[in-house]
Amino acid sequence: MLEQLYQRRMNVMKSKHVRNLLVSGVASLSMLSLTATASSCGADVVSGVNSASGSALEKVGETRLRVMFFRIYDAELFTETGRFEDAEELLLRLEYARNFTAAKLAEQTQDEWERMGYPDNEESQSWIEELTTMWPDVSSGDCIVAHKNPEGSVTFYGNDGELGTIESNVFADQFLSIWLSEEARYRDSRDELVGVE
1 MLEQLYQRRM NVMKSKHVRN LLVSGVASLS MLSLTATASS CGADVVSGVN
51 SASGSALEKV GETRLRVMFF RIYDAELFTE TGRFEDAEEL LLRLEYARNF
101 TAAKLAEQTQ DEWERMGYPD NEESQSWIEE LTTMWPDVSS GDCIVAHKNP
151 EGSVTFYGND GELGTIESNV FADQFLSIWL SEEARYRDSR DELVGVE
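Note that full-length UniProt numbering has the sequence shown beginning at 1, numbered continuously upward.
Hints should not be assumed to be uniformly reliable.
[Unchecked claim] Taking CB as the label site, the calculated pair distances span:
1) G141 / V67: 16 to 26 Å
2) P150 / M68: 36 to 46 Å
3) R71 / D111: 15 to 25 Å
4) D191 / Q108: 13 to 23 Å
5) S126 / E162: 13 to 23 Å
6) V170 / S140: 25 to 35 Å
7) F70 / R187: 17 to 27 Å
8) E151 / M68: 32 to 42 Å
9) T165 / N121: 28 to 38 Å
10) S153 / F69: 15 to 25 Å
Derived by calculation from the structure, the hints in this document are not laboratory data.
Glycine residues also receive a C-beta, built at the ideal position from the N, C-alpha and C atoms.
Assemble the whole structure, with the sequences as input and the hints as a guide.
Shown next, in the form of C-alpha coordinates:
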(Lines of atoms letter the chains of each structure in order from A; the text may use other names.)
(Lines give C-alpha, C1' and ligand atoms only; values in the text may rest on other atoms or scores of the structure.)
Protein backbone atom coordinates (compact mmCIF):
# COMPACT_ATOMS: atom_id res chain seq x y z
CA MET A 1 0.00 0.00 0.00
CA LEU A 2 2.76 2.42 0.96
CA GLU A 3 4.65 1.46 -2.17
CA GLN A 4 1.61 2.26 -4.34
CA LEU A 5 1.17 5.66 -2.67
CA TYR A 6 4.86 6.37 -3.15
CA GLN A 7 4.63 5.33 -6.83
CA ARG A 8 1.56 7.54 -7.38
CA ARG A 9 3.31 10.48 -5.74
CA MET A 10 6.37 9.98 -7.95
CA ASN A 11 4.18 9.84 -11.08
CA VAL A 12 2.46 13.11 -10.12
CA MET A 13 5.81 14.75 -9.47
CA LYS A 14 7.16 13.49 -12.81
CA SER A 15 4.12 14.77 -14.71
CA LYS A 16 4.43 18.19 -12.99
CA HIS A 17 8.12 18.28 -13.85
CA VAL A 18 7.38 17.38 -17.48
CA ARG A 19 4.62 20.02 -17.60
CA ASN A 20 7.00 22.64 -16.17
CA LEU A 21 9.65 21.68 -18.70
CA LEU A 22 7.13 21.96 -21.52
CA VAL A 23 5.89 25.34 -20.33
CA SER A 24 9.41 26.70 -19.90
CA GLY A 25 10.39 25.20 -23.27
CA VAL A 26 7.49 26.90 -25.02
CA ALA A 27 8.33 30.17 -23.26
CA SER A 28 11.96 29.84 -24.32
CA LEU A 29 10.96 29.13 -27.91
CA SER A 30 8.67 32.17 -27.90
CA MET A 31 11.49 34.33 -26.60
CA LEU A 32 13.87 32.89 -29.18
CA SER A 33 11.34 33.60 -31.90
CA LEU A 34 10.90 37.21 -30.74
CA THR A 35 14.66 37.67 -30.49
CA ALA A 36 15.17 36.18 -33.93
CA THR A 37 12.53 38.49 -35.39
CA ALA A 38 14.11 41.53 -33.79
CA SER A 39 17.71 40.69 -34.60
CA SER A 40 17.12 39.26 -38.08
CA CYS A 41 15.78 42.55 -39.41
CA GLY A 42 16.97 42.40 -42.99
CA ALA A 43 18.82 39.08 -42.56
CA ASP A 44 16.05 37.25 -44.45
CA VAL A 45 16.51 39.75 -47.30
CA VAL A 46 20.20 38.83 -47.54
CA SER A 47 19.23 35.13 -47.60
CA GLY A 48 16.52 35.79 -50.19
CA VAL A 49 18.87 37.75 -52.44
CA ASN A 50 21.48 35.00 -52.15
CA SER A 51 18.91 32.35 -53.12
CA ALA A 52 17.44 34.36 -56.00
CA SER A 53 20.76 35.37 -57.53
CA GLY A 54 22.56 32.10 -56.91
CA SER A 55 25.42 34.13 -55.44
CA ALA A 56 26.41 34.65 -51.83
CA LEU A 57 26.62 38.22 -50.65
CA GLU A 58 29.34 38.63 -48.05
CA LYS A 59 29.61 41.25 -45.34
CA VAL A 60 32.08 44.04 -46.07
CA GLY A 61 31.67 46.07 -42.90
CA GLU A 62 29.33 47.44 -40.27
CA THR A 63 28.96 50.61 -38.27
CA ARG A 64 26.85 52.23 -35.58
CA LEU A 65 25.99 55.86 -36.18
CA ARG A 66 25.71 58.08 -33.13
CA VAL A 67 25.01 61.79 -33.30
CA MET A 68 25.81 63.54 -30.03
CA PHE A 69 24.87 60.83 -27.49
CA PHE A 70 22.03 59.39 -29.56
CA ARG A 71 22.23 56.15 -31.51
CA ILE A 72 20.60 56.71 -34.91
CA TYR A 73 21.07 53.39 -36.70
CA ASP A 74 23.25 50.34 -37.20
CA ALA A 75 24.35 49.70 -40.78
CA GLU A 76 25.84 46.73 -42.61
CA LEU A 77 27.17 46.51 -46.15
CA PHE A 78 27.27 43.31 -48.22
CA THR A 79 28.70 42.71 -51.71
CA GLU A 80 29.19 39.71 -53.95
CA THR A 81 32.93 39.61 -53.15
CA GLY A 82 33.01 40.82 -49.55
CA ARG A 83 34.94 43.88 -50.77
CA PHE A 84 33.61 47.34 -51.58
CA GLU A 85 35.93 48.15 -54.49
CA ASP A 86 34.40 47.42 -57.91
CA ALA A 87 31.31 45.79 -56.40
CA GLU A 88 28.56 45.37 -59.00
CA GLU A 89 25.97 44.11 -56.55
CA LEU A 90 25.59 45.41 -53.03
CA LEU A 91 23.15 45.47 -50.19
CA LEU A 92 22.96 48.17 -47.51
CA ARG A 93 21.02 47.30 -44.36
CA LEU A 94 19.96 50.04 -41.94
CA GLU A 95 18.41 49.14 -38.60
CA TYR A 96 17.02 52.23 -36.92
CA ALA A 97 17.35 52.98 -33.22
CA ARG A 98 14.94 55.93 -33.28
CA ASN A 99 11.55 56.78 -34.76
CA PHE A 100 11.41 58.58 -38.11
CA THR A 101 8.58 59.27 -40.53
CA ALA A 102 9.03 58.30 -44.17
CA ALA A 103 8.79 61.99 -45.05
CA LYS A 104 11.65 62.82 -42.66
CA LEU A 105 13.86 60.06 -44.11
CA ALA A 106 13.19 61.28 -47.66
CA GLU A 107 13.82 64.90 -46.62
CA GLN A 108 17.14 63.88 -45.05
CA THR A 109 18.05 62.07 -48.28
CA GLN A 110 17.37 65.25 -50.25
CA ASP A 111 19.38 67.36 -47.78
CA GLU A 112 22.37 65.02 -48.15
CA TRP A 113 22.15 65.17 -51.95
CA GLU A 114 22.15 68.96 -51.83
CA ARG A 115 25.10 68.97 -49.42
CA MET A 116 27.02 66.65 -51.76
CA GLY A 117 26.33 68.87 -54.77
CA TYR A 118 23.88 66.69 -56.70
CA PRO A 119 21.51 68.64 -58.97
CA ASP A 120 18.10 69.50 -57.54
CA ASN A 121 16.20 68.77 -60.74
CA GLU A 122 12.89 67.19 -61.75
CA GLU A 123 14.36 63.71 -61.73
CA SER A 124 15.68 63.95 -58.17
CA GLN A 125 12.42 65.52 -57.01
CA SER A 126 10.50 62.58 -58.49
CA TRP A 127 12.80 60.14 -56.67
CA ILE A 128 12.22 61.94 -53.36
CA GLU A 129 8.45 61.80 -53.90
CA GLU A 130 8.71 58.11 -54.76
CA LEU A 131 10.75 57.37 -51.61
CA THR A 132 8.26 59.30 -49.46
CA THR A 133 5.40 57.07 -50.61
CA MET A 134 7.44 53.85 -50.84
CA TRP A 135 9.15 53.87 -47.45
CA PRO A 136 7.29 53.18 -44.21
CA ASP A 137 7.59 55.24 -41.04
CA VAL A 138 10.20 53.48 -38.91
CA SER A 139 10.40 52.81 -35.18
CA SER A 140 13.32 51.61 -33.10
CA GLY A 141 14.27 48.13 -34.32
CA ASP A 142 12.80 48.55 -37.81
CA CYS A 143 14.97 48.23 -40.87
CA ILE A 144 15.18 49.44 -44.44
CA VAL A 145 17.36 47.48 -46.84
CA ALA A 146 18.57 48.77 -50.21
CA HIS A 147 19.68 46.13 -52.72
CA LYS A 148 21.49 47.38 -55.81
CA ASN A 149 21.59 44.68 -58.46
CA PRO A 150 24.27 44.42 -61.16
CA GLU A 151 21.95 46.15 -63.67
CA GLY A 152 21.84 49.22 -61.42
CA SER A 153 18.27 49.27 -60.12
CA VAL A 154 17.67 49.54 -56.37
CA THR A 155 15.02 47.47 -54.61
CA PHE A 156 14.01 48.48 -51.09
CA TYR A 157 12.81 46.11 -48.39
CA GLY A 158 11.29 46.74 -44.96
CA ASN A 159 10.31 44.53 -42.03
CA ASP A 160 7.40 43.05 -43.98
CA GLY A 161 9.11 42.47 -47.32
CA GLU A 162 9.62 44.32 -50.58
CA LEU A 163 8.72 48.02 -50.67
CA GLY A 164 9.48 48.89 -54.29
CA THR A 165 12.17 49.43 -56.92
CA ILE A 166 13.71 52.47 -58.60
CA GLU A 167 15.28 51.53 -61.91
CA SER A 168 18.06 54.03 -62.46
CA ASN A 169 21.84 53.72 -62.30
CA VAL A 170 22.03 57.43 -61.51
CA PHE A 171 19.66 57.06 -58.56
CA ALA A 172 21.56 53.98 -57.32
CA ASP A 173 24.89 55.80 -57.26
CA GLN A 174 23.43 59.01 -55.85
CA PHE A 175 21.44 57.29 -53.10
CA LEU A 176 24.20 54.94 -51.93
CA SER A 177 26.82 57.69 -51.99
CA ILE A 178 25.17 59.12 -48.84
CA TRP A 179 26.78 56.23 -46.92
CA LEU A 180 29.54 54.97 -49.20
CA SER A 181 31.12 58.00 -50.88
CA GLU A 182 34.32 59.63 -49.64
CA GLU A 183 32.18 62.78 -49.30
CA ALA A 184 29.82 61.04 -46.84
CA ARG A 185 28.94 63.25 -43.87
CA TYR A 186 30.09 60.71 -41.28
CA ARG A 187 33.44 59.65 -42.69
CA ASP A 188 34.45 57.34 -39.82
CA SER A 189 31.19 55.42 -40.15
CA ARG A 190 31.65 55.27 -43.91
CA ASP A 191 35.16 53.84 -43.50
CA GLU A 192 33.89 51.14 -41.12
CA LEU A 193 31.11 50.29 -43.53
CA VAL A 194 33.34 49.89 -46.59
CA GLY A 195 36.03 48.02 -44.66
CA VAL A 196 38.78 50.65 -44.63
CA GLU A 197 41.45 49.50 -42.17
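To see whether the hints hold, each was checked on the structure:
| no. | hint | result |
| --- | --- | --- |
| 1 | G141 / V67: 16 to 26 Å | holds (18 Å) |
| 2 | P150 / M68: 36 to 46 Å | holds (39 Å) |
| 3 | R71 / D111: 15 to 25 Å | holds (20 Å) |
| 4 | D191 / Q108: 13 to 23 Å | holds (21 Å) |
| 5 | S126 / E162: 13 to 23 Å | holds (20 Å) |
| 6 | V170 / S140: 25 to 35 Å | holds (32 Å) |
| 7 | F70 / R187: 17 to 27 Å | holds (19 Å) |
| 8 | E151 / M68: 32 to 42 Å | holds (40 Å) |
| 9 | T165 / N121: 28 to 38 Å | violated (21 Å) |
| 10 | S153 / F69: 15 to 25 Å | violated (38 Å) |
Hint check: violations occur at hints 9, 10; the rest are consistent with the structure.
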